[in-house]
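Engineer: Below, each chain spelled out in residue letters.
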Amino acid sequence: MNKILNCLEPVILLAVPAVLILCTVMGTEYTAVLTLFVAALSMVPFFLRFERRKPRAREMMPPVILAAVAAAGRVLFAAFPSVKPVTAIVIIGGCCFGRQSGFLTGALAALASNLFFGQGPWTPWQMYSWGVTGYLAGLLSDRGMLERTWQMLGFGFCAALLYGWIMDTWYIAGFVSPFTWTGALAAYGAGLPFSLLHGLATTGFLALTTGPWKKKIRRIQSKYGI
Amino acid sequence: MKKNCFSAYHPAVVFLYFAGAAGLCMCSLHPYYVLVSYLCGAVLLGISCGLRRVFRQVLATLAVVAVTAAVNGLTGGLGLTVLFYLGGTPVTWESVFYGLCSGGMLAAVLQWFACYQRIMTGDKFLELFGRGFPTVSMMLSMVFRYIPDMLGKGREIRAAQKALTGGKSGGKREQMKEGVRLASVLMNWSMENSMETADSMQAREYGKGPRSRYIHERMSRGDYRAALILAALLIVSAFGVFGKASEFVFYPFLGGMEAGICFLPVYGLYLLIPALLEGKELIWWMRLR
Chain D
2 MNKILNCLEP
12 VILLAVPAVL
22 ILCTVMGTEY
32 TAVLTLFVAA
42 LSMVPFFLRF
52 ERRKPRAREM
62 MPPVILAAVA
72 AAGRVLFAAF
82 PSVKPVTAIV
92 IIGGCCFGRQ
102 SGFLTGALAA
112 LASNLFFGQG
122 PWTPWQMYSW
132 GVTGYLAGLL
142 SDRGMLERTW
152 QMLGFGFCAA
162 LLYGWIMDTW
172 YIAGFVSPFT
182 WTGALAAYGA
192 GLPFSLLHGL
202 ATTGFLALTT
212 GPWKKKIRRI
222 QSKYGI
Chain Z
219 MKKNCFSAYH
229 PAVVFLYFAG
239 AAGLCMCSLH
249 PYYVLVSYLC
259 GAVLLGISCG
269 LRRVFRQVLA
279 TLAVVAVTAA
289 VNGLTGGLGL
299 TVLFYLGGTP
309 VTWESVFYGL
319 CSGGMLAAVL
329 QWFACYQRIM
339 TGDKFLELFG
349 RGFPTVSMML
359 SMVFRYIPDM
369 LGKGREIRAA
379 QKALTGGKSG
389 GKREQMKEGV
399 RLASVLMNWS
409 MENSMETADS
419 MQAREYGKGP
429 RSRYIHERMS
439 RGDYRAALIL
449 AALLIVSAFG
459 VFGKASEFVF
469 YPFLGGMEAG
479 ICFLPVYGLY
489 LLIPALLEGK
499 ELIWWMRLR
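Taken in sequence, the protein lines are chains D and Z.
Residue 2 is where the first sequence starts when you use our numbering, and the numbers rise one by one after that.
Residue 219 is where the second sequence starts when you use our numbering, and the numbers rise one by one after that.
These are computed hints drawn from the structure, not numbers from a lab.
Certain hints may be false.
What the hints assert, rightly or not - Which residues of chain D face chain Z? A few of them, derived with a C-beta cut under 10 Å, are:
| id | residue |
| --- | --- |
| 1 | F51 |
| 2 | P56 |
| 3 | P63 |
| 4 | L67 |
| 5 | G121 |
| 6 | R144 |
| 7 | G145 |
| 8 | M146 |
| 9 | T150 |
| 10 | G175 |
| 11 | T210 |
Just so you know, these numbers come straight off a predicted model, no measurement behind them.
Backbone N, C-alpha and C define an ideal beta-carbon position, used for all residues, glycine too.
Input sequences plus hints: build the corresponding full structure.
Structural biologist: Laid out in structure tokens, this is it:
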């Protein structure tokens with residue numbers, strides 16, 4: 002069972018954007034609700050796998066704390082619109098605690114912080130996007146590809162763009178019809194400034210925090226043996 | 219917060235109602251269905267949050283409708299009733315109307331989520347989904363608990379920093395740096411504290427034996443009856459939405475406006491059930507007085 006879930010993870014993660022693109026281009030009916038359902042469902046195997054591991058209390062804490070810091074950060078940084086430290090914190094979490102914790106950090110941060118900013122049909126998408134960001138960060142750092150600071154910064158920027166792309170595509174899939182390339186480009190164009198700002202903010206936040214946060218987390222990891 | 223009598227039902231019943239309302243809403247672009255869903259959502263929002271909240275929500279959602287109609291009208295090229303030409307490309311009534319309907323649908327969905335958040339509170343959500351995912355729901359409730367805790371700690375850290383730096387706050391750049399330092403201190407402090415919490419949980423045998431719950435709710439006979447009524451109405455409305463209302467077409471001309479109209483009362487009844495329950499309660503209360 003665990004093995005199956007392990008192999009299934011990347012497949013499921015890729016299936017969501019695939020379904021999204023297919024539905025958009027083919028112009029299926031009820032796209033909005035269909036893709037929302039797929040996104041929500043895609044997260045179940047991750048949660049299930051974490052449940053089956055029966056984690057100790059100490060293993061549960063890092064994603065909880067990071068998600069809470071990320072959500073509180075959205076409130077603390079409310080003075081700077083679209084400077085949200087969530088993406089950066091999720092990346093650091095995935096990098097230090099592995100892909101599973103990274104995914105959980107992202108998903109929990111999205112769900113919890115929307116308590117302050119309003120739940121909506123975007124909640125499952127945010128959970129998915131930030132979850133994937135954490136998962137990818139864990140995956141890449143397992144391969145030793147996030148050791149240097151510039152790698153972290155580059156990944157942070159790309160992850161923010163990916164986040165924006167997923168959100169924009171869902172809007173196009175559900176609410177623009179008939180599907181035309183000019184319409185899609187216009188919607189992406191409208192979203193691009195926000196994505197770029199989000200990317201720059203994430204890079205900036207990562208540039209300031211990557212070094213010290215990694216050091217602090219490593220210290221806690223060796224002190225408490227997690 | 220006003221207590222809503224619909225929220226006294228079992229979380230599963232409440233969740234069924236909202237899943238049906240938001241799901242059907244997302245599936246119907248028929249103008250009358252969108253309108254009915256929007257109005258019923260407004261009524262429920264008014265009952266649970268007050269008129270001022272409805273007013274704010276309506277203003278915000280009108281903007282959503284306008285933006286969606288504009289985007290679709292200016293970029294979608296189908297439809298044959300040309301309103302005017304914009305730089306050589308025709309803007310058609312049909313594509314503007316599609317934008318109005320899909321914007322209205324989005325607005326209605328947003329309204330349903332606003333109601334959902336008010337009535338289906340965090341403890342109900344956990345009660346419903348905590349059984350299948352005990353660890354993840356435990357983690358979620360810990361995040362809920364840590365956020366206010368962290369905001370408090372954040373104020374404490376800020377006060378300490380102010381005392382150290384003499385309380386001068388510089389420009390945006392300086393504020394930004396302060397914010398980053400604050401987040402950093404917050405993470406370190408909370409992470410170390412949480413290890414102690416984890417040890418305490420372990421010492422008190424966390425994870426051994428079945429999980430106990432703060433609210434213990436069982437489906438009562440009334441809950442089953444409500445669920446049955448809701449399910450029956452939901453099935454009939456779903457037939458209206460998927461079977462009949464989908465005959466309505468936008469392109470090339472608007473057509474089939476009268477399709478599925480006979481199902482509208484059922485759909486409206488389904489959406490208004492919480493409001494009707496509230497009304498019934500009110501009438502009883504008047505009579506008893």
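Engineer: Taking the hints in turn, state whether each one holds.
Structural biologist: Here is how each hint holds up against the structure:
1. The beta carbon of D/F51 comes within 6 Å of a beta carbon in chain Z, closer than 10 Å, and the hint placing it at the interface holds.
2. The interface hint given for D/P56 is met, as the beta carbon of that residue sits about 6 Å from the closest beta carbon of chain Z, less than 10 Å.
3. Below 10 Å, beta-carbon pairs count as interface contacts, and D/P63 has one with chain Z at about 7 Å; its hint therefore holds.
4. The criterion of a C-beta within 10 Å of any C-beta in chain Z is met by D/L67, whose closest approach is roughly 7 Å, and the hint holds.
5. The restraint placing D/G121 at the interface with chain Z holds, with a minimum CB-CB distance near 5 Å, inside the 10 Å limit.
6. Proximity of D/R144 to chain Z is violated relative to the hint, the smallest CB-CB distance being about 25 Å (cut-off 10 Å).
7. Given hint, D/G145 at the interface with chain Z, is violated; its Cβ is 24 Å from that chain's nearest Cβ, farther than 10 Å.
8. Nearest Cβ of chain Z to the Cβ of D/M146: about 24 Å, over the 10 Å cut. The hint is violated.
9. Hint on D/T150 is violated. Least Cβ distance to chain Z is approximately 15 Å, over the 10 Å limit.
10. With 10 Å as the threshold, the beta carbon of D/G175 comes within range of chain Z, its nearest partner Cβ sitting at about 8 Å, so the hint holds.
11. Using the Cβ-Cβ criterion of 10 Å, the hint placing D/T210 at the interface with chain Z is satisfied: the shortest such distance is roughly 6 Å.
The structure is inconsistent with the numbered hints 6, 7, 8 and 9, although it conforms to all the rest.
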